[in-house]
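6 protein chains.
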Amino acid sequence: MFRHQKELQFEIKVDRPDPQLAKQVQEVLGGQFGEMTVMMQYLFQGFNCRGEEKYKDMLMDIGTEEIGHVEMLCAMISQLLDGASPDDQAKAAQDPATAAIMGGINPQHLLVSGLGGMPTNSNGVPWNGAYIVASGNLLADMRSNLHAESQGRLQVARLYHMTRDEGVRAAFRKMLARDRYHQYQWMAAIEELEQRNGVVVPASFPPEAELESQTEAYKFWNLSEGQESKEGLWATGSAPDGTGDFVYEADPVPLGNIPNPEIPASSLHHDLD
Amino acid sequence: MFRHQKELQFEIKVDRPDPQLAKQVQEVLGGQFGEMTVMMQYLFQGFNCRGEEKYKDMLMDIGTEEIGHVEMLCAMISQLLDGASPDDQAKAAQDPATAAIMGGINPQHLLVSGLGGMPTNSNGVPWNGAYIVASGNLLADMRSNLHAESQGRLQVARLYHMTRDEGVRAAFRKMLARDRYHQYQWMAAIEELEQRNGVVVPASFPPEAELESQTEAYKFWNLSEGQESKEGLWATGSAPDGTGDFVYEADPVPLGNIPNPEIPASSLHHDLD
Amino acid sequence: MFRHQKELQFEIKVDRPDPQLAKQVQEVLGGQFGEMTVMMQYLFQGFNCRGEEKYKDMLMDIGTEEIGHVEMLCAMISQLLDGASPDDQAKAAQDPATAAIMGGINPQHLLVSGLGGMPTNSNGVPWNGAYIVASGNLLADMRSNLHAESQGRLQVARLYHMTRDEGVRAAFRKMLARDRYHQYQWMAAIEELEQRNGVVVPASFPPEAELESQTEAYKFWNLSEGQESKEGLWATGSAPDGTGDFVYEADPVPLGNIPNPEIPASSLHHDLD
Amino acid sequence: MFRHQKELQFEIKVDRPDPQLAKQVQEVLGGQFGEMTVMMQYLFQGFNCRGEEKYKDMLMDIGTEEIGHVEMLCAMISQLLDGASPDDQAKAAQDPATAAIMGGINPQHLLVSGLGGMPTNSNGVPWNGAYIVASGNLLADMRSNLHAESQGRLQVARLYHMTRDEGVRAAFRKMLARDRYHQYQWMAAIEELEQRNGVVVPASFPPEAELESQTEAYKFWNLSEGQESKEGLWATGSAPDGTGDFVYEADPVPLGNIPNPEIPASSLHHDLD
Amino acid sequence: MFRHQKELQFEIKVDRPDPQLAKQVQEVLGGQFGEMTVMMQYLFQGFNCRGEEKYKDMLMDIGTEEIGHVEMLCAMISQLLDGASPDDQAKAAQDPATAAIMGGINPQHLLVSGLGGMPTNSNGVPWNGAYIVASGNLLADMRSNLHAESQGRLQVARLYHMTRDEGVRAAFRKMLARDRYHQYQWMAAIEELEQRNGVVVPASFPPEAELESQTEAYKFWNLSEGQESKEGLWATGSAPDGTGDFVYEADPVPLGNIPNPEIPASSLHHDLD
Amino acid sequence: MFRHQKELQFEIKVDRPDPQLAKQVQEVLGGQFGEMTVMMQYLFQGFNCRGEEKYKDMLMDIGTEEIGHVEMLCAMISQLLDGASPDDQAKAAQDPATAAIMGGINPQHLLVSGLGGMPTNSNGVPWNGAYIVASGNLLADMRSNLHAESQGRLQVARLYHMTRDEGVRAAFRKMLARDRYHQYQWMAAIEELEQRNGVVVPASFPPEAELESQTEAYKFWNLSEGQESKEGLWATGSAPDGTGDFVYEADPVPLGNIPNPEIPASSLHHDLD
Ligand SMILES: [Ca+2]
Ligand SMILES: [Ca+2]
Ligand SMILES: [Ca+2]
Ligand SMILES: [Ca+2]
Ligand SMILES: [Ca+2]
Ligand SMILES: [Ca+2]
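Chains as they are written, first to last, in my numbering: chain Y, 7 to 279; chain H, 7 to 279; chain B, 7 to 279; chain R, 7 to 279; chain W, 7 to 279; chain E, 7 to 279.
I should point out that these hints are in silico values taken from the structure, not numbers from a laboratory.
Don't be surprised by glycine CBs; every beta carbon is placed ideally from N, CA and C.
One thing to keep in mind: the hints can contain errors.
Only part of the chain B face toward chain Y is listed, based on derived beta-carbon distances under 7 angstroms [what the hints assert, rightly or not]:
| # | residue |
| --- | --- |
| 1 | PHE53 |
| 2 | ASN54 |
| 3 | GLY120 |
| 4 | ASN134 |
| 5 | GLY142 |
| 6 | ARG202 |
| 7 | VAL205 |
| 8 | GLY262 |
Once the Cα atoms are required to be at most 20 angstroms apart in a straight line, the calculated DMTMM-like pairs of lysine to aspartate or glutamate come out as [said to hold, decoys possible]:
| # | chain 1 | residue 1 | chain 2 | residue 2 |
| --- | --- | --- | --- | --- |
| 9 | R | LYS236 | B | GLU268 |
| 10 | H | LYS60 | E | GLU13 |
| 11 | Y | LYS60 | H | GLU197 |
| 12 | E | LYS60 | W | ASP257 |
| 13 | H | LYS236 | H | GLU216 |
| 14 | E | LYS19 | E | ASP171 |
| 15 | R | LYS12 | E | GLU200 |
| 16 | R | LYS12 | B | GLU58 |
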């Protein structure tokens, strides 16, 4: 069960309205790697967590924090949209510079939300349940979490340069610091889990269960001409878990057959007869 | 530019038709973490790669391999659907065991694709461009790739137990081995990049650029009751890059204000007056 | 800012696993009118609420409650999926009755979530930001809320008959009672708001602002043959706000022109020349 | 079966082209609450209506009217897009004011539709079947209809201020008047149905069927700090159907257990062992 | 403006309920090539048609007919769902054969629509505006229409074998005949338009406007090994419009450069430095 | 299995950056009829092709070519986005003309892709598996292919006028020529298949199998007032396959019944009693 406290986690106070920026900020609210994504991802992982109280509690701690991040971004977008009514816009249109900022507004911020944040990205595409994952395998999921926080911090860093508003920037600095912590957090969790189970997901399907195919797990197939890819750590030395040595297949050939599917029954109406 | 060779990368030869399994296999063809996803993700990362020939070549090598994995899964699904025409099904309905397998068919495998693979997941939801990312930041993207291969191998491992068909299992073992290699590959690339740039994405927004907010990057906010989460590596010791020590905020309080947004102009028709 | 408490709002204890029911329950978790929808709808309405502290607080109270309802349904689905691993299923296949229940499993509950709830509906379609609305007009939004709770309770009532599991039914009775309260709640809020602003949304665009078109607001156009529709309250008497009397246009004729659009410039390549 | 008449229901004659407005008008054509939504919603409710000839006829009357509204908006958008070919735009680019209007064009209005309306919203997101509902319960559906007409009229009212084009405004006044009528219409239908069945949906799951949970139907859970929500009609007095009195739980505690899900079989590859 | 007549275009009278078939029929109602698609496609093409009264009238004739086809399929699905309430299903579960048919029900036909047709396909994926096109170029659009009717008739033909219900089959025979006529109709329109403008879309971008690239319009690039593709009409002889002769490039080489994109500014946070 | 060659199929060298054009070019990369669509459509048709080696090889040849077209468009978009970092944009904002081009950037080209192409259309809507079809019926699919190439060439032709960049135009001329060839190619394939099987899809459901409904295959239903549609080839003469003569039903009447669906069991909670 959840409870809500009226104060925001961090201060949100923008210097001045900027509807174009409000549109851009939607990416980190309702985009593929926005706050809605990490909120829902951590909550579902926490809700579904089985038998690992430490991780479950940690997921619930951070999932609960992220609900508050959605709240903060809605507060920011509302402030950025202040004074963006059609009439204000008509007035603003007198001054070309302001007009450009006003004209860059997301039309749905006027028509649909009446100057509030929306569960959509910077192009207005609705947030989607397929953005998230909660697989029941902790290491797989922590890697998903690290990737999401990496993409998320990258986007906030880019957004940081798209405004000179010091109030907005101060809020972004808070988010950048939190996203940095969250990267640390998932790295630490990954380190623990890799020490316990090894680095390959899932550990419960070990190399030897791959039987005759085990050797395929060490080969690099050079299928794009050029051998620049030979220089990476993935092409030489041993696998991180020491189970084998990498092989660079400079000139790979297919190992399979040419498919030769059957003609189906005529009730499929393929007209192949 | 690309070229195609008629042989499959690995042999695909299922022992017997199984339309229900064909439906399930769609998850690893056209689902969130299926072969279409890794194919398109690596190709877009490769196409968009700037100034890092070694990584670009490697991305193109593996992206090109993944097109062939989509091809293999289509071959597998076609074979699993052999003999699943409506008339065959009517005959099968005599035998309850076969009837169950036949009845579990995805209706679109009959109606839409005429017994072929589709760009959809195991519930028939179409593949979506929002499954992938190519951000222009290599470390962020390699972490996305590692997460995708981890989820992908996990799903194939689960699928492995959903059939006793030795032909299918042999193909899955090949996929499990390749997905294992691909996890090694992205780990190796991540290791290289972290050595070069540090572990936080993006490196070009360093802690000191966060100014007054830097301390937020080391705090765990305990927002779900209970302190089980205190026991993890994320709660004690130093950040992986040695820039600070973790703090466990056992009883955190909000640092922000209560939002108090303005009433907009009446042309927004909020009826708040 | 939010906090989480480990106990569920209400007890969830199903009598026995039932993967087919787990699939069906997804509708009221991640479907168009599921708990994710009301949770996100009330939270966004609350976050975006301007200048009406009483309503904002109420929206935050109920939005916060609904996060806990998502949590409860995830707990229920996890329990319904217990013992649905592929191996358990193979065993179950011996007994036809159990086999049917097992066979009705959503394949993603095995492959993707590893026996946990998902942000999708009963057919596996991902939850979507376009399910919700927060318009900035309280009366419009309270009507949306009443409609969502009406559809939601209807679906739970139907689901109630799809199981004989007394544990599940007990939880549904809690949800039915809460959905009943929530219908009362939105009705009460609507009553207050209609008393303040009148029954038409938005009040700030009053009849007289419609100028010459005002009369169109009282006419029923009988465009489907037959006059059964003449018998309703919408066809006789006065409008609820007393601004006019209804007119039943038994034999309506169009009032507009035949459209006659221009041929565009040839650079549109219409080939109409 | 349907028939078409060439005249539009109401006159559509815009004063001058305005591609930016054409983009915005898409919201009320193909958005969440646009004319396509009410058209498809009323038609599906009418097609599926069982045993209530009066309501079925009424739904078909209005559903058929709404097809004509889609037609009118397409005519309006075509006129607003006149003269927006790339060459016209190049010419317009000389005059900064016109350039801004031209530059605000939806690129798909040029590339995809060749200057015609599209089944998409103001951000180009395609219309979606999940925007509508036809549940088979008349009261639930009439509430959906009232909510849709409320949101719809709100959006048209907002759009009204985004243009000074008198031709467009005259058409919007017709739509505002019709949307007003349609709000009256659904209110009247709701009144009839509530008198017949009571105010709670569905009536056929009455309070007493909720058994031991009935008392939950009268409690307000104050889960967001602050008690401003205590002042509403939902917190004091009796439920609208007189079945009980409201209780304001100022300091609510959870009534459920802490979830404790089982570890699944190892074939789920959770790596929890 | 449209009008509705209560009779269906053709008789719909199924012999007996069959919820599994109802699920499958959804494909031709709300799938990619279902009746909703052709209905919306022809209506949008007709609404947007400029300057070709004959074609516009024809599009409106058939678009209006298709609304009635959606109506017929809803009627069919309602009949197929009769007697599929949870209680009926519990009874049916006694008889294994009936149980299978009942168990194959789309859960949303119970939970969401209350035994009515839905705007979704046979897997429950909602209909989508991106299924249709109205481009403003008549030949391009007539080809889209011919393709849609070809896929549509193919699906109905397949569906025909999935039932032995004579009532359903009689209705399908009507649909098959109409889809046959519609294929003739679009072929006839295509023939007219090709005679007027030539066979290439758009005619207003003629070969000579392609300047130096014209020769590329006659070359087949053999990029998949093997030369079986040499035997087709596309590889030998002249182009249908006589503007050139086909060339089979048995061993094609790339004509372009190796891409070498610039490193962006550091504010993009690519970490490539 | 596939291989990649580093050179592009054709030269891509734009004269100067133009972020607004980059946004528009996304339509022909990731839109409904963009290169991703034809690539995936031909590959799936090829992968699933049964028993027609000539067509399968041809589909693989062209499908493989189209992967390279996606590659070329990504290269073009990257070049058009050069110098579009936030800082560059700030500088550009000094000059109004450049500012307009810069301001028209898709925000995701900055935030999400870091100046690279994306699997989305010109409005940012993600590419979707439902854009494509591979039905197992060659004639149906070749018609789909001809329609896709017709819409695709139309869009490129329109795009051609939206820029004066000679480098971009040269690349578009290559694409226009290839799209012209691909139209020829599908026409040739269609001609072959129609000669073999007749013009109606599917041929294996011949007129006589439609039994009593055969006559419906020659009737035009005039359901939109006016008889302009009488003048087309579809209204007079014989069907293209000579199986019957067209009939123009100037004043058609419905042939079906008025639907009269049953009231369902009360457990559906329709409240109709
Ligand atoms: Ca290489
Ligand atoms: Ca905690
Ligand atoms: Ca009527
Ligand atoms: Ca409160
Ligand atoms: Ca070849
Ligand atoms: Ca006509």
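Verification of the supplied hints:
no.	hint	result
1	PHE53	holds, 4 angstroms
2	ASN54	holds, 3 angstroms
3	GLY120	holds, 2 angstroms
4	ASN134	holds, 5 angstroms
5	GLY142	holds, 2 angstroms
6	ARG202	violated, 18 angstroms
7	VAL205	violated, 20 angstroms
8	GLY262	violated, 24 angstroms
9	R:LYS236 x B:GLU268	violated, 60 angstroms
10	H:LYS60 x E:GLU13	holds, 16 angstroms
11	Y:LYS60 x H:GLU197	violated, 28 angstroms
12	E:LYS60 x W:ASP257	holds, 17 angstroms
13	H:LYS236 x H:GLU216	violated, 26 angstroms
14	E:LYS19 x E:ASP171	holds, 10 angstroms
15	R:LYS12 x E:GLU200	violated, 37 angstroms
16	R:LYS12 x B:GLU58	violated, 48 angstroms
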